[in-house]
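Peer 1: Start from the sequences, fold in the hints, and give me the full structure.
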Amino acid sequence: MAQYTFIASRDPFESRESEHTMSLAGDLRRSGHEVTVYLVQNAVFGARKSSASSGLAKLAREGVRILADSFSLKERGIDHLRLEAGIEPAELDLVVDHLAEGGRVIWH
Amino acid sequence: MSDKKKITVSIMDGPFENARTVTALRLIDIAARRGYDITVFAYEGAVSLAFAKQTPHANAVHGRDAAEEDHPLPREWVASLIQTASANGGSLDWINCGLCVDERGMSEAVPGIRRGSPADLWKAADASDGTLTIGTR
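Protein chains in written order, with this note's numbering: chain A, 1 to 108; chain B, 1001 to 1137.
Each statement offered as a hint is correct.
Computed list of lysine to aspartate or glutamate pairs in EDC-like fashion (alpha-carbon distance at most 16 Å, straight line):
id, chain 1, residue 1, chain 2, residue 2
1, A, K58, A, E84
2, B, K1053, B, E1108
3, A, K58, A, E19
4, B, K1004, A, E101
5, B, K1004, A, D97
6, A, K49, A, D79
Since the hints were made in silico from the structure, they are not lab data.
Peer 2: Below, the structure written as structure tokens:
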């Protein structure tokens, strides 16, 4: 089992790239890998409860860890109480942890 | 491989353009504070991040002089990251892609920056615990 971390940075309302990230993350999880999706910059807009967050919630239910960069949330005035179920705020340190542990960290 | 952690980050975006630059520098800052050995391979527009002639300016629209404007300069951030890594027992080896430098006339960089090639990125990645590539999209 490998450890994958996807960093998503684009607003899901602006780009469909995030759908590809979610699709790949789900496939890897169903293949038995440990998968984290880390939302940063405008990608955290998709962490709010909205039409764009249902895909993330589904991934979370499947066992993908979904995290939103605390700094990006704060910059955009998004309170953690507005986050979709299963999405947690997290510090960027986690990405450095995964790099140092030899995980596969992919800026998608 | 020793116990000391080593990571490599490659970045492509030029300064003053995209939030990716800020996120990349935040990541490098975290690793620098941990005393990691870090290699940064800056290519394409990212070779401008450490350009020594970046200059602060006034903001006439807001009626502020250069000191009041306190314009952030990426070259200062890069220099600070090199110092932070060293102060915490680590290192930051910042490599600017030589061809990218020549194309843009960006040969004057802050101290601590060296020229290199994609072969240096490959060597650094091969020797690292983890590598992250942040490309321009």
